[in-house]
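Residue numbers (the numbering used here), protein chains in the order written: chain A, 301 to 362; chain B, 290 to 1022.
Honestly, the hints are just simulated from the structure, not real lab data.
Beta carbons: idealized from backbone N, C-alpha and C, even for Gly.
Be a bit skeptical, because a hint or two may be false.
[What the hints assert, rightly or not] Pairwise CB distance ranges, derived in the manner of DEER restraints:
1) D384/B / G318/A: 26 to 32 Å
2) V980/B / L334/A: 33 to 39 Å
3) L946/B / G313/A: 47 to 53 Å
4) D384/B / R340/A: 24 to 30 Å
5) V342/A / E736/B: 47 to 53 Å
6) R644/B / L334/A: 23 to 29 Å
7) R340/A / N907/B: 28 to 34 Å
8) V342/A / A568/B: 39 to 45 Å
9) N907/B / W324/A: 48 to 54 Å
10) T890/B / V342/A: 27 to 33 Å
11) G318/A / L438/B: 39 to 45 Å
12) F987/B / V303/A: 46 to 52 Å
[What the hints assert, rightly or not] Straight line, CA to CA, 20 Å or less: simulated EDC-like cross-link-like pairs of lysine to aspartate or glutamate:
13) K843/B / E736/B
14) K843/B / D821/B
15) K1014/B / E969/B
16) K843/B / E738/B
17) K327/A / E736/B
18) K590/B / E559/B
19) K327/A / E559/B
20) K327/A / E386/B
21) K356/B / E424/B
22) K356/B / E386/B
23) K843/B / E969/B
24) K327/A / D295/B
[As the list claims (entries may be wrong)] One side only, chain B facing chain A, incomplete, derived with CB under 7 Å:
25) G320
26) N342
27) T344
28) M391
29) L392
30) L393
31) G397
32) F401
33) N405
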Amino acid sequence: MEVLIYLVPIALGLGLLGLGAFLWSLKSGQYDDLDGAAWRAVMDDDDAPPPDGGRRHEGVTS
Amino acid sequence: MAETRDLSHFVHHLDGGVARMELAVEGITCGACMRVIEGGLAAMPDITRARVNLTDRRVAVEWRDGKVDPVRLIDRLSELGYRAYPYDASRSAADEERETRMLLLCLGVAAFATMNIMLLSVAVWSGNVTDISPEQRDFFHWLSALIALPAAAYAGRPFFHSAIRAIAARRLNMDVPITLGVLLALGMSVVETLHHASHAYFDSALMLLTFLLVGRTLEQAMRRRTRAVAGNLAALRAETVTKFVSATELSDVPVASVSPGDLVLVRPGERIAIDGIVAEGRSEIDQSLVTGETLPVTAAKGSMVYAGTLNVSGTLRVTVSAAERGTLLDEVTRMLDRALEARTHYVRLADRAARLYAPLVHATALTTMIGWMAFGASPHDAIIAAIAVLIITCPCALGLAVPAVQVVASGALFRAGVLLNSGEGIERLAGIDTILFDKTGTLTLPEPEVINAADIPADRLALAGRLALASRHPLAAAVARAARARGGVNLPLAATEEPGQGVRCDHDGVALRLGRLSFCGADGAERVFAADPEASVIAFAHGAERYLLAVRQKLRADAADVIAALKQDGFAIEILSGDRAPAVAHAAAALGVERWHAAMTPADKIARIAALQAEGRNVLMVGDGLNDAPSLAAADASLSVATAAHLTQAAADAVFLGDSLAPVAAAVAIARRARALMRENLMFAVAYNAVAVPIAIFGFASPLVAALAMSGSSILVTVNALRAKPPARRERD
């Protein structure tokens, strides 16, 4: 059972790592706009911004 | 006169020479809009950051302070095709955001602690039935304590605070048994670990906190979404006034930055945004939003004008006055406060359950302890059994039962065009059996329309529409809309407006006039009034031809159908209006409503509601006017129209959008369904206790049983809550 000496700290460390990641994501505002985040994930960053007077996207207004 | 727009009220100055403003944007629908807006704003010089929030439909813009005129941001957005309005981030919104973050933090800590403790607990449970040594078990229990105690102290704060507040006020709420259960479970587990016992309840305590925090977070998320939309609506209505900054200079400023004594300009066709006294000018004022009365009153130098009324014909200069005693608004505000005070007696379903539940649980635990001692058990065993009862009855499912349904139901209401102001609105709406409607602006559309447009030749109506565009009079606006509805886009004619009379011009050698009957040389208004007592009549002269246009606020297209359906469902319907009797009678007849009351003051409306309540009825008030605000607050439940005055919206449980009356019926139906599910969920929680409590009383509640029972019942009520979503067929309406 000596293996516990390694395993328990590893388990706790992983747990703390997960908690740390969550706190970081919360702090960086990732839960502020859940709808927008869904769209940002599928957008290409390297596209040039739309030209001046870019036309409005015609979507379904809710 | 030079005129500027002053938005400095909305600009926040941050550290490092950065200015920031939030704008509510109309028409953001998806990711593509987000890109266009962010890209379009970022391309402007000196803009450091532009970020769209799709959930709240707002954009936050930051720029180097002093380098950018905030008005240019709005112009830029309108070039991009979006209408934007400065959004005033209030203190309450910031508090709410902090609370959301705090709850998420607590939830994160509780959830990670639960996971890690479970990891250790599963090892102990399987070890207990095989070959774990007592030393190893103690080690695992101490390790669990090390995680559980600080985590519970941190994540349990929302419950501890609320429980302390409740006890200080000598009340019992759901948080009292929760706090007691968690503290006892942790305390007992530490004692048991000291005694090398085989069971500890660290996992139960943390799991309980996690599930309950999920419930709280859901509730908070629901509130945030509806508040965000309501906040945007307020910004969209853009309550600004045109203020004289000097004798010749005008500035468009938000209402919040106007103080008593300021002089403001009110043009014809504008809604007056402040209370004040006319300093110069003469006009007719439409007070229908305030009093329900559709006939305009005359205002001249020295008359009092009220916020929310519409300036119809002339330009006025108004001196802003503070809300004075004895004015209509003051009276309305006072009645509103009184009604709201009386209403706080409403007790939410969950709190009612808690009031029954907490004493019952504590009595059961006490009985268990006494029972075990009576049968000769040691005090230690008796106390353990009693604490096990407290842990297992801790209202895990109960804490989720109501919020889970609320979230799903408020989403369904949102899609039906109804925005909730308060979580308990659903419960209030579900209980009603009588519906009272205001007439003007509620049963009718807020904007007037030409009702006999079909009787006028299309080319004549098109000309009248083009002429009407030259005037800002609301009746002229109605003519312009009617013409556009018949024949597409029309260009304004270069016409001259005669204040209080009408507009005239020459078009291809023919003299055109639109306005008062006398101005156009027409007669025959009696015939129109006989057919429709609610109408206002204006005339259109084309050379020698004369046409009479009957303009009025039309009933909402589906009003008759919705009222018929509501009657069929067994609701009693009445109309309470501040308008004249013939107008109300006409509308009531058209809708098939037998009981109606006309010329009612706000006090009369409250008296009628009180009389119905005394008969034992639960009353829903649907209204829009400022005069309806007190009755909305006095009724058991209330709905207001999105175009209503701010005070009125704030008094209502929910606000509905759009030109149709269908959201009223949908709101009642969804609320009833939701309340049925809440009750069902509470029954589930009771049934769970009926099974689990005997197990605990007889001392078989091992930590494993507690964990299974808790998660099982929580999942069950959450899945059941999903049924609050209406069937797909109705969503597409």
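Just to be careful, I want the Cα atoms of K356/B and E424/B compared with a cutoff of 20 Å; is the pair within it? At roughly 70 Å apart (the allowed maximum being 20 Å), E424/B and K356/B break the hint.
When you take the CB atoms of G318/A and L438/B, is the distance between them in 39 to 45 Å? Hint violated: Cβ distance 20 Å, outside 39 to 45 Å.
Does K327/A pair with E559/B here, judged by a C-alpha cut-off of 20 Å? violated, 45 Å
Sort out whether E736/B lies within 20 Å of K843/B, counting only the CA atoms. Holds. K843/B to E736/B sits at ~8 Å (cutoff 20 Å).
Go through the hint on M391/B and say holds or violated, using the shortest Cβ distance to chain A against 7 Å. Violated - the Cβ of M391/B stays beyond 7 Å from chain A, reaching only about 10 Å at its closest.
For the hint on T344/B, just tell me whether its beta-carbon gets within less than 7 Å of chain A. Check passed: Cβ of T344/B comes within 5 Å of chain A, closer than 7 Å.
Tell me if L393/B is really an interface residue toward chain A, meaning its C-beta lies closer than 7 Å to one of theirs. holds, 6 Å
N907/B versus W324/A beta-carbon gap, inside 48 to 54 Å or not: holds, 49 Å
Take a look at whether the Cβ-Cβ distance between R340/A and N907/B falls inside 28 to 34 Å. This hint is violated: roughly 46 Å between Cβ atoms.
Given the hint that K843/B pairs with D821/B, test it: the Cα-Cα distance must not exceed 20 Å. Distance ~11 Å between K843/B and D821/B Cα, so the pair holds.
Verdict for D384/B, G318/A (Cβ pair) under range 26 to 32 Å: holds, 29 Å
Next pair to validate is K843/B with E738/B; report whether the Cα-Cα distance is within 20 Å. Roughly 6 Å between the alpha carbons, so the hint for K843/B and E738/B holds.
The structure shown violates the earlier hints numbered 5, 6, 7, 8, 10, 11, 12, 17, 19, 21, 22, 23, 24, 28, 29.
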